[in-house]
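Trainee: Given these sequences and hints, build the entire structure.
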Amino acid sequence: MAQPSQAAGGLTSIPALLHRNATEYGDRPAYREKEFGIWQSWTWKETEAEITNLALGLINLGVNEGDFIAIIGRNRPYMYWSMVAAESVGAIPVPLYQDSAAEEMAYVLDHCGARFVIAEDQEQVDKVIEIQDRLHQFEHMIYLDPRGMRKYDHSRLHEFAHIQEQGHAARDELTPELRRREAKLDYSSICVMLYTSGTTGKPKGVVLSNRNVIESAKNSAEFDHLRGNEEILAYLPMAWVGDFIFSIGQAYWCGFCVNCPESADTLTVDLREIGPTYYFAPPRVFETQLTNVMIRMEDAGKLKKRMFDYFMAHAKKVGPSILDGKPVGFGDRFKYWLGNLFVYGPLKNTLGFSRVRVGYTAGEAIGPEIFDFYRSLGINLKQLYGQTEATVFITAQPDGEVRSDTVGVPSPGVELKIADNGEVFYRSPGVFEEYYKNPESTASTKDAKGWVATGDAGFIEPGTGHLRIIDRAKDVGKMADGSLFAPKYVENKLKFYPNILEAVVFGNGRDQCMAFINIDLSAVGNWAERNNIAYSSYQELAGHPQVLAAIKDHVEEVNKSVAQDEMLSGCQIHRFLVLHKELDADDGELTRTRKVRRRIIEDKYSDLIDALYGGKDEIFTETEVTYEDGRKGSISATLKLIDAAVVPVTTQKVAAE
Amino acid sequence: MSNEEGYVTDDGRKIGGTLMEMKNITLRFGGVKAITDISFDIKEGEIRAIIGPNGAGKSSMLNVISGFYVPQEGEVWFKGAKRPPMKPYQVAQQGIARTFQNIALFEGMSVLDNVMTGRLNYMKSGLFQQAIWKGKAEREEVENREVVEKVIDFLEIQSIRKTPVARLPYGLKKRVELARALAAEPMLLLLDEPMAGMNVEEKEDMSRFILDVNDEFGTTIALIEHDMGVVMDLSDRVVVMDYGKKIGDGTPDEVRSNQDVIDAYLGVSHD
Amino acid sequence: MPTQLLFGTEVLLNGLMAGVLYALVALGFVLIYKASGIFNYAQGVMALFAALTLVGIMDGQVPFSHLINAVLGTEVHHFGWHINAVVSIILTMGVMIILAYCVQQFVFRHLVGQEPIILFMATIGLAYFMEGFGDLMWGSDIKKLDVGLPQGGSFWIEDNSRWLGFGNEDFYGFFIDKLDIVATGIAAILVVVLVLFSQYTKQGRAMRAVADDHQAALSVGISLNFIWVMVWSVAGFVALVAGIMWGAKSGVQFSLSLIALKALPVLMLGGFTSIPGAIVGGLIIGVGEKMFEFTIGPLVGGATENWFAYVLALLFLVFRPQGLFGEKIIERV
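Just so you know, the sequences run in chain order A, B and C.
Every letter in the first sequence is one number past the one before it in my numbering, and letter 133, counting from 1, is 133.
Every letter in the second sequence is one number past the one before it in my numbering, and letter 21, counting from 1, is 21.
Every letter in the third sequence is one number past the one before it in my numbering, and letter 301, counting from 1, is 301.
By construction, these hints were calculated from the structure, which means they are not laboratory data.
From a predicted model like this one, the values you see are computed outputs, not experimental measurements.
Honestly, I wouldn't trust all of these hints.
Said to hold, decoys possible - Label pairs and their computed distance ranges (CB to CB):
hint	chain 1	residue 1	chain 2	residue 2	range
1	B	9	C	107	49 to 57 Å
2	B	207	A	162	22 to 30 Å
3	A	301	C	121	37 to 45 Å
4	B	207	A	635	22 to 30 Å
5	A	303	C	320	14 to 22 Å
6	B	199	A	134	30 to 38 Å
Stated by the list, open to error - Covered stretches of chain B, as calculated for chain C (at least 3 residues, CB under 8 Å):
hint	segment
7	84 to 95
8	100 to 108
9	113 to 122
Built from N, CA and C at the ideal position, the CB exists for glycine as well.
Mentor: Dropping the structure here:
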């Protein structure tokens with residue numbers, strides 16, 4: 001195996017790994033980015049030079065050891081270099097979500113007391129300028145793209161390239177200082193600080209050490225046999241721990257190449273052109289891609305559609321077995337080979353998955369149909385379960401043991417235990433150092449022996465040793481009769497239908513469950529188009545009787561499936577409504593990572609919940625919405641409240657304690 | 001080139017001397033006067049707006065500048081010299097690019113090919129050189145493509161580079177049209193109602209692009225718009241037209257307080 | 001192989017060759033129609049005119065000799081020299097470019113923005129003018145055109161395909177006219193060159209731009225007049241090639257201009273705006289009419305070649321009015 005030659009012993013920081021890569025694989029590509037229509041690339045040697053110049057420039061600008069440097073922008077090589085350069089000079093990089101509003105940024109920037117900000121473009125710079133008067137420690141901002149900023153006051157504003165030039169010019173005086181600071185870095189120094197979006201309350205700054213990052217990268221790279229010739233596409237937010245581990249941790253440990261897309265809109269094309277070998281995406285991305293494929297097939301010619309259906313049915317039958325290396329007859333194999341020639345191959349190529357050797361999804365439960373679709377094409381898609389606090393990895397599925405309903409076995413170096421209330425705990429070298437300036441939260445999350453509470457309820461499957469997650473521990477509640485209430489379990493089942501984008505189930509402490517549903521505009525809109533149903537807005541489509549009937553069917557199917565699980569049969573949905581607007585992070589209804597904020601929704605739409613429980617047939621409601629530019633408005637609608645058939649529960653309440 | 005002193009804007013940009021001057025322009029269609037004795041100038045580096053109610057003759061004025069209409073009376077001065085009557089393509093070759101109110105794109109081509117047509121005047125190698133496709137012709141192609149890619153990047157239309165224009169929504173078509181005009185690296189950019197038919201968000205995007213173009217490339221811009229709010233935020237100086245006559249000329253503030261302009265926009269009857 | 005099938009194959013091959021020539025003429029139509037929206041009825045006459053000019057130059061004929069002799073009472077007919085075929089072709093091309101310039105300068109420049117039917121009428125006028133002008137310039141007798149293209153059947157193919165008969169005494173191998181083979185080759189090269197020209201050269205791009213939107217083309221600095229002269233020149237070039245082929249095959253005579261009418265059904269099949277459509281349409285008509293004559297012809301008393309193409313075109317008009325490759329005509333609201 002082409003593992004890096006040195007043991008982790010001498011390589012106790014990201015800058016150390018950078019120098020190793022520059023020495024050992026100097027001419028191999030480290031970064032690529034598509035700009036002006038062409039893939040530009042940087043070797044490890046060039047990367048080292050860029051980062052060194054930037055680091056010298058930072059020292060020149062007055063960055064001290066222990067300073068926090070906020071980094072805001074989309075995935076670009078320069079932004080990754082900023083993170084590594086920050087660490088090189090002994091500062092702590094703090095990547096921020098680039099789509100955060102200025103207000104959200106203000107909290108984080110103030111909380112960590114960032115003296116410096118490295119921002120990608122005018123949009124980000126404007127946000128920071130808007131709030132800078134409130135940030136007492138903020139001093140200088142560096143921006144990458146000078147466009148539109150010629151007229152700005154440059155007393156505290158610096159262009160990225162200039163900082164590098166100044167650093168380079170002062171290299172003779174400053175290099176010893178840089179080397180001195182780099183030499184001080186070890187396993188226990190801080191590598192990065194990441195703010196968790198948090199489903200409730202203010203974001204918390206998770207401090208990760210070099211040990212956390214490098215050990216996690218090393219263990220996970222061994223688990224999946226990652227090497228220096230992998231190609232990844234970096235497109236997920238840089239502020240998210242996963243991107244940090246994949247695009248910096250593992251990339252520097254293995255020495256593989258990180259590719260940055262041209263822009264957010266060109267992702268599909270870039271994906272096809274790069275053809276990553278190692279790929280990560282949240283379930284939502286896979287779901288959207290599948291929906292698009294299905295929509296395209298609906299519009300395709302008859303022959304094409306029939307071929308697709310025929311071979312996909314075959315792939316469903318034998319694809320996963322072939323992928324898992326299980327015995328499959330020659331005839332089936334041949335037919336699969338044909339299918340690969342005509343359908344799977346071209347399809348994978350269009351999706352950009354031709355070369356994927358290891359693919360992961362995590363963050364939310366993925367629909368079994370979606371999961372199986374990709375696996376049946378021969379894409380080695382697996383699930384993992386992780387957290388920022390664990391430096392990503394808690395459990396992951398080994399090759400050959402992949403199922404849609406588990407999240408895998410403990411990752412190398414991770415110990416698991418399940419508490420009496422079902423909450424999952426873990427301990428590993430990746431366990432975070434602390435929540436920054438928040439000892440209470442640190443203490444309540446991580447105990448003295450290093451065990452960390454995940455906040456999720458789950459159990460270890462007897463026989464296989466795989467972990468299964470039911471729901472957030474605090475969301476698992478009790479119905480009025482004492483039976484278990486696991487809303488997410490039901491919501492996920494609902495969301496597996498392409499027509500349903502989002503669902504929120506209520507019922508804690510009540511005798512029945514009710515649900516809010518968001519339809520998926522692209523799926524339902526396409527269906528409407530094909531059936532000549534005219535609509536002018538999301539709201540109109542969401543209220544269409546035929547749409548409501550279709551959703552009702554889905555809900556009733558879910559009820560049947562829920563009823564089969566004795567413990568959770570009380571969670572069947574008795575009544576539901578289809579919301580008149582999409583739940584939106586800008587309105588605070590979802591987190592930035594698009595998780596449902598249950599309490600906020602419960603408050604905001606209390607009138608609708610009361611109406612559902614009150615047995616009304618319809619209700620008029622008015623809701624405040626926030627537009628992208630921050631302005632507020634309101635929309636109103638009369639919503640239909642619909643009864644769904646439930647399967648009578650015969651077994652008695654088992655879970656009553 | 002400058003025959004008059006420039007000025008400095010409120011936000012600190014230096015505006016140069018006169019780039020284009022219209023002297024006593026009168027344009028008639030048959031017996032109908034579309035423009036009556038209008039004079040104004042456009043200075044280097046400024047954003048100059050021509051506004052007025054519908055039918056005021058704004059578009060006719062733009063068509064005079066770009067050579068689509070030839071005025072019966074008056075003179076057009078460009079770069080300090082009187083311009084002889086010219087065909088629109090000759091005007092374009094002089095470094096004046098434009099967009100159209102109703103979008104005139106090559107619908108059968110991709111976005112990239114459309115923007116590339118903006119470079120046609122920079123392609124100098126002959127048919128024979130191109131046939132051999134070596135050396136100069138190839139280098140020329142690469143250089144022109146580079147300029148085009150920079151424009152594509154600037155206007156953030158990378159994702160539709162290969163898309164046939166006919167499939168694009170209205171707002172993006174407007175942007176592609178701007179891209180094609182920019183690709184010509186014009187000295188003077190004429191925009192005919194760049195914001196017409198756009199929603200609020202698209203208008204904001206377009207305003208930003210216009211400001212950035214002016215800021216980044218120093219391009220002189222003359223634009224027509226009937227949305228007063230947008231124009232006042234965007235432009236350095238404004239010409240106001242009504243019924244083919246000039247009723248105001250000056251900075252947005254000056255124009256706003258001009259009684260004739262207020263009357264024209266409030267629809268006071270002319271007598 | 002049964003004899004019928006072998007003969008059928010021969011007919012098919014000959015049909016393909018004829019189709020190539022139809023396609024060549026249709027190509028001229030498409031070029032002009034796309035770029036200027038003019039349906040050029042004179043395309044066939046242009047081929048005749050080009051062929052006449054070529055023969056005249058090669059034989060050293062004195063242009064307008066009839067007129068000159070009648071007015072001046074002289075008796076000049078020939079300069080008394082013969083010019084090499086290649087040089088003559090280049091000179092003829094020069095004449096076609098001059099013609100293109102004149103057509104644009106004296107006719108269509110004054111008709112910009114007119115109704116299509118007016119433009120069409122203008123091309124009819126142009127056709128008759130050119131026919132008469134050609135007669136006046138070069139005389140109206142049937143001329144033989146020999147630019148050195150191979151003539152007669154290919155013995156090589158005949159000899160080397162005889163074995164396909166497998167001892168069948170009636171089969172002497174395929175009979176294929178050498179000229180047809182050359183014509184096919186030249187037509188193929190011509191199409192490739194035209195496609196490369198329109199896709200990759202500055203002038204080609206400008207031509208496509210003009211074909212797409214006049215206003216937009218003007219705004220990026222393209223002179224419409226120049227492009228239209230160019231398009232008429234290219235169409236003249238295509239006409240010259242077609243004229244050479246047909247002329248070499250059946251002599252340069254008035255009937256040459258009638259092949260233009262065969263190009264009509266080709267266009268209806270292929271679509272008026274598609275270059276590949278013109279090619280495929282030409283081949284379908286060429287093969288179709290030969291095969292029809294071969295199979296059905298004997299049953300209905302022959303001479304189906306006169307009407308087959310038009311009936312096929314009529315069927316297409318009913319079921320697919322935009323042709324095989326034409327853009328679907330949808331009026332956007």
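Trainee: Compare the structure with each hint and give your call.
Mentor: Here is what the structure says about each hint:
Take residue 9 of chain B and residue 107 of chain C: their Cβ atoms lie about 53 Å apart, and the range 49 to 57 Å holds. Take residue 207 of chain B and residue 162 of chain A: their Cβ atoms lie about 28 Å apart, and the range 22 to 30 Å holds. In this structure the hint that residue 301 of chain A and residue 121 of chain C lie 37 to 45 Å apart at CB holds, the actual value being about 43 Å. Under the hint 22 to 30 Å, the C-beta atoms of residue 207 of chain B and residue 635 of chain A, about 27 Å apart, fit the expected range.
For the hinted restraint 14 to 22 Å between residue 303 of chain A and residue 320 of chain C, the CB-CB distance of approximately 20 Å keeps it satisfied. For the hinted restraint 30 to 38 Å between residue 199 of chain B and residue 134 of chain A, the CB-CB distance of approximately 33 Å keeps it satisfied. For the segment 84 to 95 of chain B, the proposed coverage by chain C is satisfied: 6 residues have a C-beta within less than 8 Å of a C-beta in that chain, meeting the threshold of three. Coverage of the segment 100 to 108 of chain B by chain C holds in this model, with 6 residues showing a Cβ closer than 8 Å to a Cβ of that chain against a need of three.
Chain C is given as covering the segment 113 to 122 of chain B, and this holds because 6 residues of the stretch bring a CB closer than 8 Å to a CB of that chain, at least three being needed.
When held up to the earlier numbered hints, the structure conflicts with none and fits them all.
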